[in-house]
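Chains R and S supply the protein sequences, listed in that same order. For the first sequence, my numbering gives the first residue as 1, with consecutive numbering after it. For the second sequence, my numbering gives the first residue as 1, with consecutive numbering after it.
FYI, nobody ran anything at the bench for these hints, they're computed from the structure. Any given hint might turn out to be false.
It does not matter which identical chain is used: a pair holds within one copy or between any two.
Once the Cα atoms are required to be at most 30 Å apart in a straight line, the calculated DSS-like pairs of lysine-lysine come out as [as the list claims (entries may be wrong)]:
1. K204 with K223
2. K204 with K342
3. K342 with K110
4. K138 with K159
5. K223 with K342
6. K116 with K342
7. K36 with K271
8. K110 with K204
9. K384 with K417
10. K254 with K223
11. K70 with K33
12. K204 with K159
13. K380 with K10
14. K204 with K254
15. K45 with K380
Spelled out from the first residue to the last, the chains are:
2 protein chains.
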Amino acid sequence: MIFSNLIINKNEPIYIQIETHIKQGIKSGELKKDSKLPSTREVSKFLNISRNSVISAYEELESRGIIVTKRGIGTFISIESEHERYEYNVDFIERVNNYGNTLRELDITKSELPYKKGMISFKSISPESHLFNLDDFKRSLLDAWTFEEANLLNYGYAKGYKPLIAYFFDYMKEKRVTTANKDILITNGFTEAFDIIISSLTTKGDVILCEEPTHNTALKIMKAYGLQVVQVKMDKEGLDLNSLEDALDKYNPKFGYLIPSYNNPTGIVTKTERRKEIYKLFRKYSVPIIEDGFNEELLYSSSPIDPIASLCGNGNGVIYIGSLSKILFPGLRIGWIFGDEKLIDVLESVKRGRNIHSSFLDQSAFCYYLKSGAFSRYVKNVRKYYRDKYNLVIDMIHKYIPYEYITGEGGLHVFIKLTDNIDARELLDLCYKDNVIFMPGDIFYENKLKGTDTFRIGFGRVSDEDIKNGIKIIGDNIKRLVKNQNT
Amino acid sequence: MIFSNLIINKNEPIYIQIETHIKQGIKSGELKKDSKLPSTREVSKFLNISRNSVISAYEELESRGIIVTKRGIGTFISIESEHERYEYNVDFIERVNNYGNTLRELDITKSELPYKKGMISFKSISPESHLFNLDDFKRSLLDAWTFEEANLLNYGYAKGYKPLIAYFFDYMKEKRVTTANKDILITNGFTEAFDIIISSLTTKGDVILCEEPTHNTALKIMKAYGLQVVQVKMDKEGLDLNSLEDALDKYNPKFGYLIPSYNNPTGIVTKTERRKEIYKLFRKYSVPIIEDGFNEELLYSSSPIDPIASLCGNGNGVIYIGSLSKILFPGLRIGWIFGDEKLIDVLESVKRGRNIHSSFLDQSAFCYYLKSGAFSRYVKNVRKYYRDKYNLVIDMIHKYIPYEYITGEGGLHVFIKLTDNIDARELLDLCYKDNVIFMPGDIFYENKLKGTDTFRIGFGRVSDEDIKNGIKIIGDNIKRLVKNQNT
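The task is simple: from the sequences and hints, build the whole structure.
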C-alpha cells in the first residue's frame, strides 16, 4: 500500500498531503506508469480521514494529467517517473545586442554601491511613505473595485483609463495648457513615457539636447538607442541661453529634453522668464521640446510657474511628460504623455505593441484617489514637511561641507559641487564605510570626466536626526580627503 | 464686489464654487493681477456661508499660486488673466521612425473592422468574464493590501513581486521543468515579455523561425524591429519536421518562436512526441526556442503534455514565456519570462529601463489569488465550460460551413480553411452587414497572399445562442459568395 508510510500532519490541508505523497511516489519510482492506485474509499478507511479529502486530491491530480480514472476499472498513474531530457546550451550573453548591453551597463541598481539596512541614505529622491495616507488610498481602491469590478480584470484601452485621462486633461488646463488638438496617453510612469517617445521618434545618431547635468534614466535610455546626447550648461537659473543657442545652431538636434522644475540632479527651478527665453530659442530652430514635469506639484511661490507646454498654445511644439508618482506612490507606475493628438495616436499603437496597456487596477484606484480630494490635502501637507527638511539640509551643509556651490530650492534633493577637486566617488567610498550613502554626480553627465566633484543629496526619506549625523559624517570625510591632498 | 453675481447651488461643495468663481473672474479680466480680494470674513458674511468654506477655497487657490496672502495686508490675485503664448508646430508624423510606423500600421485595433454593440463577435479569444469569481479576487486584493500596504505604493523590484516569482517557480516545477540556473522576470503580460526578449537579443535583419500561421502580435513586434520572419508550415499535429529542418539549415535563424499548445490561430496542440522531435531539431542546429505557453492550463488529456522547456533539463536552450492572463484576468497584464539566469539578469535591466517594474498591486493581488487555491477551482470550472462551447462550435461548423479543414481541439478558438477559394475578407464584409464578426486569417501570415481563405473563430465569450445564429449567418454568406462565383 503506497500510503502505509504516510503520516498525516495537522498543519496542511489533508488533500494536499495526499497529493504530495503520490507525486513523491512517482518521483521515487515507487509508483510506475499505469500502476493502479487504491480507491478513494480504501484510502479514506486506511488513513482514517474523510473520503472527500481523498477525492479532492485525486481530482486535482487528474486535472493535472498525473493520474487517470477509468470508470469501473480504477485509477492509474499516467506519467513516467523519469522525464527524458536533452540539454543544450546557448551563450545568451554573447547574443545580447547594444540596446540590452547599454541598459545592463548603465543600470545603476547593479553598478552603484548598494544601500544596506541601517545606513543613512541620501541616495533616493523618493517620497517619504510614512506621509502616504493609506486609509484614503484603501478607500479609493475599494471605490474603484466597487464601481468597475470585472472591467478592471478585462482588457482595457491602450490609451488608458478614460476617467483618469479626463482628470489629467483638467489637470493640464489648470496649468494653463491649451488642450485643443492634444491628446493623452497613460504610461507606466515617466520612464515608459520617455522610452516610448524616444523609441518612436528618433534614429540612431540623432542628437538630443538636454541640461547638464540631467536625469540619469533619461541619459541611459537615450544611449541605449544610440543617440548622441549633447548637454548644455546651466547657471543657477536654468539653461544658459547663449550655450543653448550655440548648440541649437551647431547640432540640428531632433529634440530638447528639459526638466524645468527641480531639475534632477541640481534641483534648479527655472523661472517663468527664463522658461520663455528657452522656449523661444527652441521655437526659432523648430526643435520640439520634451518637457519632464518632474515634481512640479511641489512648486510653491507667490506667482505660479507654468510648464513650458503652456507657452505653446494651439501649437504642438512641446510634448509634456507628467508623473505624480514622483511625489506620491512611486510603486503605482502611472505617468502620462500630453501632446499633439496625431502623435499620441501613433504612440498609443506603440504602447499597445509594448504591453497592451498599463494596469487598470492601478489607474482606477489612483483616479478615485485623485478625485476624492485626497491628493490636494496630501500635497499641502508634504510641501511643508519637505520644506522643513530642505531648510535643515541646507543648514547642515553650510555647517559641515566646504562647497563651491549648492543648487536646489526645495523639492526632494539638493546638489553640491565641492571645493578642492574632491572626488565624490572617493568620498562615497569613505562615507560608505561609515554607513552613509549618496548619489555621485558623474552619473548625470554624458561626459564621464565631468561632475566628478559633485553629488546629490536626496532627503525626502531621511529623518532629521539622520540628516544631522549623515551630513556631519560626509563633512568629516571631506576633511580627511583634503588633509590627504595636502600631505 | 466680485461675489455679487455668485449664486451658491446645493450640488457642489461650496469651497469649490468659490474657487471656480474666482478663476472665472481672472479669466474674464474682472480680477486683474495684484487686485485685492475681500477677506474671508467679508465673503462669508456677504454670501451667508461658513467662513471655513471660504478659507478652504482661498487656501486651495493659494497653494496653486493663483492668489497670495500678505499677512496684515490682504489677499491678492497673483496671476495675469492673459497668458502669453507663442505657437509653433512640428510635423511629428513625418518624424515617426520605422519602428513606430510599423506598430501603427499593424495595429489591428485600428485597421480591422471594429466590433459594434449588439454584434455577434467571434473576433476575440479572451476568456468569458462572467466566469471570473469576483469575490475571490476582491478577497485576494484585500489580503494583498492588508499584508503589504505601503509596500505596494513604493518602488518595487524590476524582477517582480518576490512571492509571485516563487509561485511561478513552483508552477514551472509542476510542469517538470528544471529550475537550476534559471530565473524569472515578471512582465506586463506576454506582449512585454516577447518585446523585451526580441529587443534585447536580435538585430535588424535577423531571421526568426515560427509556425505558419502564428500570433499576429508576435509578427507585429518582429516586423517592428526589422526582423525577417520565416514561417514554417504545419500539419494537423504541429510544425512539419522536414520543412523545419530545411528552414533551420537554410536560414541560420536567431530564434524559433513556437506556440505548441493551442497555437494561435490554428488551435493545434502539438503532442509530446512531436514536441520532442521539434526540440531535437532546434538543438541540432543550436538555435534557442522562445516557447509561448499560451493557454497551456486548458490542456486536458489522459497524459500530460509538458512544455518544450521541460525537455531542456539543466540546459538553457528554451526561453519560456508564461501568462495565465490569457484564460484569467487579461486586464491584469501579468506574464513572466523563465530562462537562463544570466540572461534574466540582462532582461531585468532592460525591464527597468523600460518602465522600472510592473504594478505591484496587480502582482500582489494576483499572487494571493493564486495561492488561495481559487485559480485551481476556476480552471476546473472553465475547462468544462469551454469544452462544451467548443463542441457546439464544431457541430455548427459541420452543419453550416463548407471547410477544407478545421483545426483546434478545445482552447478558446478554432481555425477554418474554406473550400472554393472563398476570400475571408469578402466574407467578413458580408457578415459585418449582418452583425457578425470574426478574425480574418491573413493577419497571421507574414506573406499577405497566404491565408486569404482562412479565418479564426474565437468562442470564449459567445453565448450558445449566438454561436448557433452566428455560424449559420457565416454559412449563409458563404453560400452567397459561392453562388456569385458560379454565375
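To see whether the hints hold, each was checked on the structure:
| no. | hint | in the structure |
| --- | --- | --- |
| 1 | K204 with K223 | both (9 Å within a copy, 18 Å between copies) |
| 2 | K204 with K342 | both (23 Å within a copy, 27 Å between copies) |
| 3 | K342 with K110 | between (38 Å within a copy, 13 Å between copies) |
| 4 | K138 with K159 | both (25 Å within a copy, 25 Å between copies) |
| 5 | K223 with K342 | both (27 Å within a copy, 22 Å between copies) |
| 6 | K116 with K342 | between (47 Å within a copy, 24 Å between copies) |
| 7 | K36 with K271 | between (81 Å within a copy, 24 Å between copies) |
| 8 | K110 with K204 | both (26 Å within a copy, 28 Å between copies) |
| 9 | K384 with K417 | within (26 Å within a copy, 68 Å between copies) |
| 10 | K254 with K223 | both (14 Å within a copy, 25 Å between copies) |
| 11 | K70 with K33 | within (14 Å within a copy, 86 Å between copies) |
| 12 | K204 with K159 | both (27 Å within a copy, 28 Å between copies) |
| 13 | K380 with K10 | between (53 Å within a copy, 27 Å between copies) |
| 14 | K204 with K254 | both (11 Å within a copy, 23 Å between copies) |
| 15 | K45 with K380 | between (68 Å within a copy, 27 Å between copies) |
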